[in-house]
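S.K.: Sequence:
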Amino acid sequence: MRKHAPWGNEDTQSIIKTLKEKNVHVTFFMTGGWVDTYPDDVKALYKAGHELGNHSQNHKQMSTISAAECEDEIIKVHNKVKKLTGYDMKVFRPPYGDYNDVLIESAEKCGYHAIQWDVDSLDWKNYGVDSILTTVLNHKHLGKGSIILCHNGAKYTAKALPKLIDSLKEKGFEFVKMSELIYTKNYEMDTEGRQHSLNNTAAPKQTAFEQS
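As numbered in my numbering, residues 230 to 441 make up the sequence shown, in order.
These are computed hints drawn from the structure, not numbers from a lab.
Note that CB positions come from ideal geometry on N, CA and C, so glycine has one too.
Heads up, a few of these hints could be off.
[To be verified] Listed below are the simulated BS3-like cross-link pairs for lysine-lysine, each with C-alpha atoms no more than 25 Å apart in a straight line:
{"id": "1", "residue 1": "Lys-251", "residue 2": "Lys-384"}
{"id": "2", "residue 1": "Lys-398", "residue 2": "Lys-369"}
{"id": "3", "residue 1": "Lys-272", "residue 2": "Lys-311"}
{"id": "4", "residue 1": "Lys-251", "residue 2": "Lys-398"}
{"id": "5", "residue 1": "Lys-373", "residue 2": "Lys-392"}
{"id": "6", "residue 1": "Lys-251", "residue 2": "Lys-392"}
[Said to hold, decoys possible] Here are the in silico distance ranges between beta carbons for each label pair:
{"id": "7", "residue 1": "Gln-290", "residue 2": "Lys-246", "range": "19 to 27 Å"}
{"id": "8", "residue 1": "Asp-395", "residue 2": "His-370", "range": "19 to 27 Å"}
{"id": "9", "residue 1": "Val-331", "residue 2": "Thr-413", "range": "14 to 22 Å"}
{"id": "10", "residue 1": "Ala-297", "residue 2": "Asp-395", "range": "31 to 39 Å"}
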């Protein structure tokens, strides 16, 4: 299990700079505590064109709490970010990747699409730049529609990011924000949690970064 959120902000500006240089936009998932502590960074991420995502108020195990508590965890962060930026967030990543039907239904009730990743960079283990690159680029799930999990406060993520982006581009991947990657209607979900369009439209070879 990864470190408990919220993460720090030591590398946030460096990451924003790298993403700008590489012309890549990603989705940053934020807890309420991170929003409270780093409001200027929230504004900077939004101004830089990145998508802001909801990661709950208190980083709880969402499958262990009631529907009312789930909604409260989501709405509190939503309102804080809305007040800071005017933006209505619409994607939610459950802490620890922990979810159940109650959480999914609660997120939808709040106007959110709950998402999961399929490629964990393991940057939170602090094994080094090469480890991040190897883990992502050789991951068995890396493919069309992959969602890559990174953390802006992990020790080596900012250093690994330029090479990681270049290497993924060399493999033919494009980068999109989470809300541009997922289907929001007319889809079915397989046993691995992957979406499949019912409109018979072919998905481009693209991937989404999520940072938290």
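S.K.: If a hint holds in the structure, say so; if it does not, say that too.
M.R.: Against the structure, the hints:
1. For the hint pairing Lys-251 with Lys-384, the CA-to-CA distance comes to about 21 Å; that is within 25 Å, so the pair holds.
2. Among the hinted pairs, Lys-398 with Lys-369 is consistent with the structure: their alpha-carbon atoms are about 17 Å apart, no more than 25 Å.
3. Our distance criterion of 25 Å between C-alpha atoms is met by Lys-272 and Lys-311, whose separation comes to about 11 Å.
4. At most 25 Å may separate the alpha-carbon atoms for a hinted pair to count; Lys-251 and Lys-398 meet this at roughly 10 Å.
5. For the suggested pair Lys-373 and Lys-392, the alpha carbons sit about 20 Å apart, so the restraint of at most 25 Å is met.
6. The suggested pairing of Lys-251 with Lys-392 holds, with an alpha-carbon distance near 10 Å, which does not exceed 25 Å.
7. In this structure, Gln-290 and Lys-246 break the distance hint of 19 to 27 Å, their C-beta atoms being roughly 35 Å apart.
8. In this structure, Asp-395 and His-370 meet the distance hint of 19 to 27 Å, their C-beta atoms being roughly 21 Å apart.
9. Between Val-331 and Thr-413 the CB atoms are about 21 Å apart, so this pair conforms to the stated range of 14 to 22 Å.
10. Taking 31 to 39 Å as the suggested C-beta distance range, the pair Ala-297 and Asp-395 does not conform, at roughly 46 Å.
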